[in-house]
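With the sequences and hints as input, model every part of the structure.
Numbered according to our numbering, the sequence shown spans residues 1 to 453.
Since the hints were derived computationally from the structure, they do not count as laboratory data. Careful: at least some of the hints might be erroneous.
Lysine to aspartate or glutamate pairs mimicking EDC-like chemistry, simulated, CA-CA at most 20 angstroms apart [what the hints assert, rightly or not]:
1. K122 x D138
2. K80 x D69
3. K135 x E181
4. K284 x D273
5. K72 x D180
6. K418 x E387
7. K268 x D283
8. K80 x D149
9. K441 x E375
10. K450 x E346
11. K395 x D374
12. K72 x E51
13. K80 x E49
14. K450 x D273
15. K135 x E75
16. K17 x E181
17. K272 x D283
Label pairs and their in silico Cβ distance ranges [unchecked claim]:
18. I234 x I182: 35 to 45 angstroms
19. K229 x R332: 46 to 56 angstroms
20. K17 x H217: 53 to 63 angstroms
21. G257 x D309: 30 to 40 angstroms
22. S220 x T415: 31 to 41 angstroms
23. T415 x I451: 32 to 42 angstroms
24. V192 x I11: 21 to 31 angstroms
25. A43 x S189: 35 to 45 angstroms
26. Y21 x D421: 31 to 41 angstroms
27. K450 x F342: 15 to 25 angstroms
Because the structure is a prediction, the values reported are computed rather than measured. Quick reminder that beta carbons are idealized off the backbone N, C-alpha and C, glycines included.
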Amino acid sequence: MKSRSTLSKQINNIIFKSLYYAALIGILVYILLLEVHNFNYEAIATYYEEECANDLQSYVESKNVISTDNKKISEWSHNKSFIELIIFDENKLVYSDGVESQSTREKHSKKDIYKEIQSTPKEMNIISSYNRLIKFSDGKALRVYFLTDYYFELKNFTLIFSAAVGVICYTLIFMKKFKDEINYINILSDEVALFEKNELDNDFTIRGENEITNLAHTLSSMRTTISEKEKREIDLNKEQEKLVTGMTHDLRTPMTGLSNYIEVLKQKNTNKDLSDIIERISDKVADIGMLSEQLFEYFIVKNDSAMQDVYTDLIETSVGEYVSEMYIDLLRSGFNVVIENFEFGEQCVKISHVLLNRIMSNILSNINKYAAKDEPIVIESNFNDCEYRLYFRNKVSNEVLKIKGTKVGVENIKTMMKYMDGYCIDTNSEHGNKCDDMVGKEYFIMLAFKIQC
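Shown next, in the form of structure tokens:
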């Protein structure tokens, strides 16, 4: 298997390539500019010399410079770059920038130096240079030669310019290459965000060969593992649901038969001693039937997506109807029901009629089993912290000692309330399974619905 390069080596490689291409571009720019200059050197020099000649003529006229005033001529020449001035009166040298500089440095007499120099323009090899007659204020017209030499300065400028181009190119190339890695990290970051939301269908992008790529491979393997695990859990839950559903249906047939036999025994029994035993058997059979139904309901609530189909409705037309039905059912069961501080308002909550019907059936069943009939059942409601809260309160009877509760029904209620964007609290959670502690005490269960409008 090909070994992966480290991220540091990859960054070094980016730096090296950026330097290489930047240096290559800088050299090409340098050579190209020099070639362009060499090709146009004569035209550029001539243009510059003509401009200098025109400027000198204007200077002479504006300053009234005479032909022998070398000082003013030198002042003008020193302000011009890349130009050397040589002036002849016919074939006699009368001014030279070189002579002026030499006399200043060596403190020689300018006249002596000019006398010693008897060279003509031809002898000085400047006959082909650009020249022009300049008219001075004393009436003389002298031949002025303009010698241009800016190649060295231009070469330095070209070198600096090419180096600057190289630095800019290096920066751009490096940023482009490095930006690709940053973009890859951003892509992985977005994919990790989807992964956190449990969206396991999106695979991680694999690009390059470095530590970031290793991380992407690891994340991809993790995604595959979690996806397979969730699939196994879904399959297992389906099998569990099938098993529990099948068991529940299988129990119903013998339970129905057993209930029928007990009813027959009740009708034909004449022995008073057996009546109490038959009654207890009947209660136990009813408990077994109820527990099997609760177990079946628990798996349905946990796994059936249809149970999660909720919608928004007014409290009065949704919760209110079920409370009214429960009120009537409790009265029929012989309970004294007290309605306190009951209100609906115009607010809405999320409900599912299927879930709410099961919740109310569970609460009604628990009240019938555990509530003391000589004490009132209190139903009340209120609005608190953007919630609509519904309370059911009752005193616990002595029958609670005869029944070993599993709390499956209450757990189902709590699960179903979560589906409707609510929650459930009851007193039992504070007492565990110590049912004897509850005898004679108040039990309550509270349903909280989140206000939606």
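Tested hints:
Between K122 and D138, the direct Cα distance comes to roughly 27 angstroms. Violation of the 20 angstroms bound is thereby established for this hinted pair. Between K80 and D69 the CA atoms are separated by roughly 18 angstroms; this keeps the pair inside 20 angstroms, and the hint holds. For the hint pairing K135 with E181, the CA-to-CA distance comes to about 71 angstroms; that exceeds 20 angstroms, so the pair is violated. Straight-line distance between C-alpha atoms of K284 and D273 comes to about 18 angstroms, which keeps the hinted pair within the 20 angstroms bound.
At most 20 angstroms may separate the alpha-carbon atoms for a hinted pair to count; K72 and D180 exceed this at roughly 64 angstroms. This hinted pair checks out: K418 and E387 have alpha carbons roughly 14 angstroms apart, not beyond 20 angstroms. Restraint check: the Cα-Cα separation between K268 and D283 comes to about 18 angstroms, which is no more than 20 angstroms; the hinted pair holds. Taking the CA atoms of K80 and D149, the gap is about 12 angstroms. The hint holds against a cut of 20 angstroms.
With a C-alpha separation of about 11 angstroms, the suggested pairing of K441 with E375 holds against the 20 angstroms cut-off. Between K450 and E346 the alpha-carbon distance is near 14 angstroms, which keeps this suggested pair within the 20 angstroms criterion. At most 20 angstroms may separate the alpha-carbon atoms for a hinted pair to count; K395 and D374 meet this at roughly 9 angstroms. For the suggested pair K72 and E51, the alpha carbons sit about 19 angstroms apart, so the restraint of at most 20 angstroms is met.
As the CA atoms of K80 and E49 are separated by approximately 11 angstroms, the hinted pair is consistent with the 20 angstroms bound. A threshold of 20 angstroms between alpha carbons decides the hint, and for K450 with D273 the separation of about 54 angstroms lies outside it, so the pair is violated. For the hint linking K135 to E75, the alpha-carbon distance of about 18 angstroms falls within 20 angstroms, and the restraint holds. Note on K17 and E181: the hinted pairing holds, with a Cα-Cα distance of about 15 angstroms set against a maximum of 20 angstroms.
Under the criterion of a C-alpha separation no larger than 20 angstroms, the hint pairing K272 with D283 is consistent with the structure, at around 17 angstroms. Evaluation of the 35 to 45 angstroms hint for I234 and I182 yields a pass: the beta carbon distance comes to about 38 angstroms. The supplied range of 46 to 56 angstroms is met by K229 and R332, whose beta-carbon atoms lie about 50 angstroms from each other. Under the hint 53 to 63 angstroms, the C-beta atoms of K17 and H217, about 25 angstroms apart, miss the expected range.
A beta carbon spacing of about 36 angstroms between G257 and D309 agrees with the range 30 to 40 angstroms that was offered as a hint. Between S220 and T415 the CB atoms are about 34 angstroms apart, so this pair conforms to the stated range of 31 to 41 angstroms. Look at T415 against I451: about 21 angstroms separates their beta carbons, and that is not inside 32 to 42 angstroms. The hint said 21 to 31 angstroms for the Cβ distance between V192 and I11, and at roughly 23 angstroms that hint holds.
In this structure the hint that A43 and S189 lie 35 to 45 angstroms apart at CB is violated, the actual value being about 59 angstroms. In this structure, Y21 and D421 break the distance hint of 31 to 41 angstroms, their C-beta atoms being roughly 60 angstroms apart. For the hinted restraint 15 to 25 angstroms between K450 and F342, the CB-CB distance of approximately 19 angstroms keeps it satisfied.
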